[in-house]
Amino acid sequence: MDLKRTAVAGTMESSDIMVTVEPRESGGIVLELTSSVMKQYGRRIEQVIRETAAELGVENALICAVDKGALDCTVRARTGAALFRAAEQENGTWEVGR
Amino acid sequence: MRPDLQGTGLIAHLITHLQQEAISRGANSLFLYTKPENRRQFAELGFSQVAGTERVLLMEDRRGGFAAWASDIQDARAHGTIGCLAANCDPMTLGHRYLIERAAAQCDTLYLLVVSEDRSAVPAAHRRLMVEQAAGDLDNVIVAGTGRYLISSASFPDYFLKEKTEAGTVWCGLDIAVFCRLAEVLGISRRFVGTEPLCPVTAAYNRAMAEALPRAGVELVEIPRLERNGVPISATAVRGLIAAGRWREIRPLVPGAVYDYFSNEENRSLFLRRCSDFGKTGQIITQETGGR
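First to last, the sequence lines map onto chains A and B.
Residue numbering for the first sequence follows this note's numbering, starting at -18 and increasing by one per position.
Residue numbering for the second sequence follows this note's numbering, starting at 59 and increasing by one per position.
Hints should not be assumed to be uniformly reliable.
Across the chosen pairs, the derived CB separations fall in these ranges [to be verified]: (1) B:Q99 with A:N41: 28 to 34 Å; (2) A:G38 with B:E102: 28 to 34 Å; (3) B:K93 with A:G38: 41 to 47 Å; (4) A:N41 with B:Y317: 40 to 46 Å; (5) B:R113 with A:G50: 53 to 59 Å; (6) B:P258 with A:G9: 25 to 31 Å; (7) B:E190 with A:G9: 38 to 44 Å; (8) B:G194 with A:R5: 53 to 59 Å; (9) A:V11 with B:Q99: 31 to 37 Å; (10) B:A266 with A:G9: 26 to 32 Å; (11) B:R113 with A:G9: 44 to 50 Å; (12) A:G38 with B:R160: 27 to 33 Å; (13) B:G298 with A:V11: 31 to 37 Å.
Partial list, derived from the structure: chain A residues whose beta carbon lies under 10 Å from chain B [claimed, not checked]: (14) K(-15); (15) T(-8); (16) I10; (17) Q21; (18) G23; (19) L52; (20) T55.
By construction, these hints were calculated from the structure, which means they are not laboratory data.
All C-beta atoms, glycine included, are put in the ideal place defined by N, C-alpha and C.
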């Protein structure tokens, strides 16, 4: 997936995560994660974000995420939505029950 | 914020909205100013500190933003005594050239930072290009930009609002704090400025630096300005001549590359257009000296 612009999804409300995606030419996925549960779940959140980017075929991007205790499904949905918006595709195929 | 609303997550709500709004308007990242005691609260919302004084912090929503800028400037050729000179060069004059030469002679490597903020009469990219052309023969000079961090509307808003500013209230502490952080990363031990007899904003900036830089291990070196017929060569005078349609008269005041640039009619009309655009909104830099 080809990223065209900076985009954001989610909020900084409790149990949500706000994900900002900025296109990059190179350098892989650079992730800046801030989380209220960094010690407990930081690595897991990072893993979910990276997996989501990989599944959508995004190889280079700056992803800034501010997490307020979101569940995996939320992290996945917000990351996906931000990436689709950055690619200017609002018609992502959504799956239920992953 | 009203005390009864503190702790309700209103700030998170507000920042979320601001960031969404900023991105929808094409601003990809945000700076914020806050009091030092609020650092942690904003850190939890993804902001990290660029620089701070006892009274105010400058934070940004990209953790690696400052570091990326500093490493862009950093040059592998830098060695020995490393100096820095920051200038707007709107446009570059022989006064700037003299200042750069004198500074370069007093250190092994000189970082020459050209103001990146595009709020002057000559477009930022053109100012930078002319500096590269007119200082390219000095082989220990590394030309880079001040980015969004130094002498920018984030770190030093007064610089771009000179008419409204009183010398006594110039707010340059943050800019100096940003510079001190950059100096540490790049190993800068000398900062060069031109003496400033005319512009109160720059004079106040120089005074504040003279006080603050030694505490960060940086020596401030003031270089007297180059004069011609008893008058300091200034970019203000050069701009005045071009604006008055007397562009040919700038020849003895500017490097060849700058004269060539203004020999082009398209560049001159762009200059005049920008002068009046910025003039209307009070954003034009009305005073400039060899020090900047």
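Now for the hints, and whether the structure bears them out:
1. As the Cβ distance of Q99 of chain B to N41 of chain A is approximately 32 Å, the hint placing it in 28 to 34 Å holds.
2. As the Cβ distance of G38 of chain A to E102 of chain B is approximately 32 Å, the hint placing it in 28 to 34 Å holds.
3. Look at K93 of chain B against G38 of chain A: about 44 Å separates their beta carbons, and that is inside 41 to 47 Å.
4. Between N41 of chain A and Y317 of chain B the beta carbon distance is about 43 Å. The supplied range of 40 to 46 Å therefore holds.
5. About 33 Å separates the C-beta atoms of R113 of chain B and G50 of chain A, a value inconsistent with the hinted range of 53 to 59 Å.
6. In this structure, P258 of chain B and G9 of chain A break the distance hint of 25 to 31 Å, their C-beta atoms being roughly 48 Å apart.
7. For E190 of chain B and G9 of chain A, the Cβ-Cβ distance of about 31 Å falls outside the hinted range of 38 to 44 Å, so the restraint is violated.
8. The given range of 53 to 59 Å is broken by G194 of chain B and R5 of chain A, whose C-beta atoms sit roughly 30 Å from each other.
9. Look at V11 of chain A against Q99 of chain B: about 25 Å separates their beta carbons, and that is not inside 31 to 37 Å.
10. Our hint of 26 to 32 Å for A266 of chain B and G9 of chain A is violated, since their Cβ atoms are close to 41 Å apart.
11. Between R113 of chain B and G9 of chain A the C-beta distance comes to about 39 Å, which lies outside the given range of 44 to 50 Å.
12. Evaluation of the 27 to 33 Å hint for G38 of chain A and R160 of chain B yields a failure: the beta carbon distance comes to about 54 Å.
13. A hinted range of 31 to 37 Å for the beta carbons of G298 of chain B and V11 of chain A is inconsistent with their spacing of about 47 Å.
14. Below 10 Å, beta-carbon pairs count as interface contacts, and K(-15) of chain A has none with chain B, the closest being about 13 Å; its hint is therefore violated.
15. Nearest Cβ of chain B to the Cβ of T(-8) of chain A: about 5 Å, under the 10 Å cut. The hint holds.
16. Evaluation of the I10 of chain A hint against chain B yields a violated restraint, the C-beta minimum of about 13 Å exceeding 10 Å.
17. Taken as an interface hint, Q21 of chain A does not check out: its beta carbon lies about 15 Å from the nearest beta carbon of chain B, beyond 10 Å.
18. Taking 10 Å as the C-beta cut-off, the interface hint given for G23 of chain A is violated, the closest approach to chain B being about 14 Å.
19. Annotation: L52 of chain A was flagged as interfacial toward chain B, and the flag is violated, the nearest CB pair being 18 Å apart, outside 10 Å.
20. Restraint check, T55 of chain A versus chain B: the minimum CB separation of about 15 Å is more than 10 Å; hint violated.
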